[in-house]
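Asks: Residue strings, one per chain:
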Amino acid sequence: AQSVTQLDSQVPVFEEAPVELRCNYSSSVSVYLFWYVQYPNQGLQLLLKYLSGSTLVKGINGFEAEFNKSQTSFHLRKPSVHISDTAEYFCAVSDPGSGNTGKLIFGQGTTLQVKP
Amino acid sequence: DVKVTQSSRYLVKRTGEKVFLECVQDMDHENMFWYRQDPGLGLRLIYFSYDVKMKEKGDIPEGYSVSREKKERFSLILESASTNQTSMYLCASSFLYEAFFGQGTRLTVV
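So the protein lines, in turn, are chains A and B.
According to this note's numbering, the residues represented by the first sequence are 33 to 148, in order.
According to this note's numbering, the residues represented by the second sequence are 290 to 399, in order.
Please note: incorrect hints may appear among the correct ones.
Take a look, some chain B residues computed to stay more than 12 Å from chain A by CB distance [to be verified]:
#1 Q326
#2 S354
#3 S356
#4 K359
#5 Q374
List of simulated lysine to aspartate or glutamate pairs, EDC-like, C-alpha gap at most 16 Å [to be verified]:
#6 B:K346 / A:E47
#7 A:K81 / B:E387
#8 A:K147 / A:E47
#9 B:K307 / B:E368
Hint data in this document are derived by calculation from the structure and do not stem from the laboratory.
All values reported here derive from a predicted model rather than from experimental measurement.
C-beta atoms are modelled at their ideal positions from N, C-alpha and C, and glycine is treated no differently.
Construct all of the structure, not just a fragment, from the sequences and the given hints.
Replies: So this is what it looks like as structure tokens:
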């Protein structure tokens with residue numbers, strides 16, 4: 033079965049430092065990849081998605097992610113974080129058997145804590 | 290903008306009660322989902338609906354049922370709430386490959 037692993041449960045970082053949140057998935061077939069962000073007491077908001085094309089995907093709020101098929105990874109990066117980036121981040125992949133339903137398999141989440 | 294609205298942000302219910310969580314989307318999406326979110330476990334799919342009156346079990350359907358009588362509304366039902374169902378519940382609708390989420394309902398069963 034498809035699975036998604038976020039390698040860090042918590043990532044503390046100082047403001048204006050770069051950050052990378054790591055995500056690996058298990059499928060060897062083509063999948064679509066997503067990063068969502070959840071601010072405290074809110075629902076999930078799409079940060080970026082990879083469907084096809086360029087392996088470097090740019091999203092909102094200065095985030096980007098790189099799709100690496102050989103390593104089955106989709107790591108999220110930001111060159112300089114702000115206090116307001118403090119949130120929980122979820123990596124997700126589409127269920128390969130679900131067609132275009134939008135059915136997703138999520139990782140466990142990574143809490144990004146930006147310190148002043 | 291797509292709007293997915295969950296009827297309650299916070300709920301406190303007693304063990305054994307029947308609980309209804311309501312979700313409405315305004316974009317005529319065919320697919321709707323109920324997820325449960327627990328710390329360290331991410332989001333897990335409870336039920337999925339791909340059309341009116343159509344439903345499919347997700348990864349953790351035990352103790353839950355769903356209802357979709359109209360395209361825009363997808364309800365999650367806890368037939369007899371238990372303390373282990375205390376959690377954050379997230380509703381979503383999707384178009385093509387993108388899912389849109391509601392604000393979540395934090396349910397506490399006491």
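Asks: If a hint holds in the structure, say so; if it does not, say that too.
Replies: Going through the hints against the structure:
| no. | hint | verdict |
| --- | --- | --- |
| 1 | Q326 | violated (8 Å) |
| 2 | S354 | holds (19 Å) |
| 3 | S356 | holds (19 Å) |
| 4 | K359 | holds (19 Å) |
| 5 | Q374 | holds (19 Å) |
| 6 | B:K346 / A:E47 | violated (43 Å) |
| 7 | A:K81 / B:E387 | holds (8 Å) |
| 8 | A:K147 / A:E47 | holds (6 Å) |
| 9 | B:K307 / B:E368 | holds (5 Å) |
Comparing the model with each earlier hint shows violations of hints 1 and 6; every other hint is respected.
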